[in-house]
Amino acid sequence: MKLICRALAATLCILPFVAHAADDGKNIDPFEGYNRVMFGFNDGVDHYVFKPLAQGYDAGVPLPARVAFTNFIANFGDVPNAFNDLLQGKVAAALTDVGRILINSTLGIAGAIDVASEFGLAKHDEDFGQTLGVWGFGTGPYLVLPLLGPSTVRDTIGLPVDYYSDVRKYVFSEIPVRNSITGVDVVAKRASLLGADVALEQASLDKYTFVRNFYLQRRLSQVYDGNPPRPKDDGADDDGANDAAPAPGKKEKTE
Amino acid sequence: MISRAFKQIRNLVAAASLSVLPAIAMAATAPDALIKSVSEEVLTIVRQDKAIQSGDMTKTLELIDAKVLPNFDFEAMTALALGRSWRTASPEQKTALTAEFRTLLVRSYANALNRFKDYQITYLPLKSQPGDTEVTVRTTVRKAGQQPDTVDYAVHQKDGDWKVFDVTVAGASLITAYRDEFAQDVKNGGIDGLISSLKSKNAANQGAPAKK
Numbered sequence: 001m002k003l004i005c006r007a008l009a010a011t012l013c014i015l016p017f018v019a020h021a022a023d024d025g026k027n028i029d030p031f032e033g034y035n036r037v038m039f040g041f042n043d044g045v046d047h048y049v050f051k052p053l054a055q056g057y058d059a060g061v062p063l064p065a066r067v068a069f070t071n072f073i074a075n076f077g078d079v080p081n082a083f084n085d086l087l088q089g090k091v092a093a094a095l096t097d098v099g100r101i102l103i104n105s106t107l108g109i110a111g112a113i114d115v116a117s118e119f120g121l122a123k124h125d126e127d128f129g130q131t132l133g134v135w136g137f138g139t140g141p142y143l144v145l146p147l148l149g150p151s152t153v154r155d156t157i158g159l160p161v162d163y164y165s166d167v168r169k170y171v172f173s174e175i176p177v178r179n180s181i182t183g184v185d186v187v188a189k190r191a192s193l194l195g196a197d198v199a200l201e202q203a204s205l206d207k208y209t210f211v212r213n214f215y216l217q218r219r220l221s222q223v224y225d226g227n228p229p230r231p232k233d234d235g236a237d238d239d240g241a242n243d244a245a246p247a248p249g250k251k252e253k254t255e
Numbered sequence: 001m002i003s004r005a006f007k008q009i010r011n012l013v014a015a016a017s018l019s020v021l022p023a024i025a026m027a028a029t030a031p032d033a034l035i036k037s038v039s040e041e042v043l044t045i046v047r048q049d050k051a052i053q054s055g056d057m058t059k060t061l062e063l064i065d066a067k068v069l070p071n072f073d074f075e076a077m078t079a080l081a082l083g084r085s086w087r088t089a090s091p092e093q094k095t096a097l098t099a100e101f102r103t104l105l106v107r108s109y110a111n112a113l114n115r116f117k118d119y120q121i122t123y124l125p126l127k128s129q130p131g132d133t134e135v136t137v138r139t140t141v142r143k144a145g146q147q148p149d150t151v152d153y154a155v156h157q158k159d160g161d162w163k164v165f166d167v168t169v170a171g172a173s174l175i176t177a178y179r180d181e182f183a184q185d186v187k188n189g190g191i192d193g194l195i196s197s198l199k200s201k202n203a204a205n206q207g208a209p210a211k212k
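Listed in order, the protein sequences are those of chains X and G.
1 is the number of the first residue of the first sequence in the working numbering; add one for each residue after it.
1 is the number of the first residue of the second sequence in the working numbering; add one for each residue after it.
Pulled out of the complex, with its shape left as it was, chain X reads as follows (with noise of 0.2 Å):
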C-alpha cells in the first residue's frame, strides 16, 4: 500500500510538467512508451492477483451477501456524489444524492439495501476528475497508473481530493477494519468485469489501444452526465464535403 502511495506521490509530482503540453487534440498519449510498460505490468499483477481473488469472490461468496456489500460500499460513494455534484452546480442532482444516503443508510439498513433507487432517486457517478472537466479543464495527456489503471493527468489531479471525500476513512477508524473493507471492495469491482475482460480479449487487436480510447470516451461521456457532444465524423459517407485533408491515394502512405 505505501509503495502504491509512493508511487502515485512521485506521479504526482511530475504532474504540473507535464499538465501543459495538454490537449489541443495533437497527441493525446505522448506517454505512450510508459504507459506501455505500466499498462503490461498492471495486466501482470491482474492476472496472477486481482484475477484470481475475483473468480474466488464470484464463486465463493452467495449472491445475496455480494449484492448487500456492492450496495454497503455505493451508499458510502454518495457523499462525494453529493459534495462533486454541488461543486458542478447541480444542486438538484445534490440533494438526490442526500436523499438516497438517508435513506438507504435508515430504510437501507446500512446502505445494504438500495431502497432509494426503488423510490425513483437515481444514482450518480461523479468524482473530482469530473467536476474539473466540467469546469472546463481538459484531460491532458493519457496516462496509466500503477495498479490503478487507466487515467489522464487531469483525474490524476483529482485522485487526492477522490481520496478525502471518502468517508469510508472517518466511519471506520480502526485500520484493519478500513483495509479489509476496501480489499473487499476491490476484489468485488474486479469480479463485476470477469467475463468483461474475455471479451476485451478477443476483440481488441490492440488491447492498450482499445482500452485507451475506451476509457477516454466514457470519461468524456460522464463529464457530460451521459450526453457528450458528437463527435466530429469523420467522413466516412461519401458527399466529400467536408474532405479538407489532401486525399490520400491508393497506397496509405501517410508517414
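Keep in mind the hints are simulated off the structure, nothing from the lab.
Partner residues aside, some chain X positions facing chain G, computed with beta carbon under 8 Å:
(1) Leu-63
(2) Val-67
(3) Thr-70
(4) Lys-123
(5) Ser-192
(6) Val-198
(7) Gln-202
(8) Leu-205
(9) Thr-209
(10) Asn-213
(11) Gln-217
(12) Arg-218
(13) Ser-221
(14) Gly-226
Pairs of lysine to aspartate or glutamate residues, derived as DMTMM-like cross-links and limited to a Cα-Cα distance of at most 25 Å, are as follows:
(15) G/Lys-143 with X/Asp-185
(16) G/Lys-143 with X/Glu-118
(17) G/Lys-117 with X/Asp-58
(18) G/Lys-50 with X/Asp-58
(19) G/Lys-127 with G/Asp-152
(20) G/Lys-187 with X/Glu-201
(21) G/Lys-187 with X/Asp-29
(22) X/Lys-123 with G/Asp-149
(23) X/Lys-90 with G/Asp-149
Beta carbons: idealized from backbone N, C-alpha and C, even for Gly.
Given chain X's structure and the hints, the job is docking chain G onto it.
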C-alpha cells in the same frame, strides 16, 4: 387444367403476400420496438437453452445468425470504424474488411452472450421525430449486485429496415473504440495490413475459444 390454374393462383397469392410483407413489417416495427423484441427474444432463448449456457459455440452462433445479425449493418460499421480510409479502399478490400470485422465482432459477442442471461434490460423512451432516418435507442442493463450501465444502439434506415450501426456501452462507442486501432494498422501496413491483422486475430480467437 384446373390444378394448373389453382397452382397459378396460389403462386400469385404467394407473390403478392410476399411483396406486401416487408411493407407491413416496416410499418409495424419502430426502432425501439425492434431492439426490444430482438433483445428479449434472445435473452429468453439464452435463459432456457442449456447448450448455449454450457458454452456450445455452434448453437450460440446459430442463434446469433438467425436473430441478431439480420439487424446489423456491418458495412456501415466497418466504414465508420475506418473513417476516411474507407473511401480509398477498393471494392474487394471493402468486402474483405467487412467480412473480417463482422467475424471479429460476432465471435466476441458470442463468447459474452451466455453471461447476458443474468441481466435485466430497461428500455428508455425513444426520442425521435417522425421521418427521422437515424435514431438512438437507449437502454440500461442491470445485473444484481452491480451498478447499472447504459447500452445505446445507433440505428439507421437501410433499404426500408432499421439496422444497428453502432453500440455505445457505458458511454463508449464500440465503433469509435476501433477507430484508433484501425488507423494504427492502416498507418503501418495499409488497408491490406489491417485486413491481415483482422484475419490473424480471428484465427487466434477461433484457435483458442475462451471459456467463461
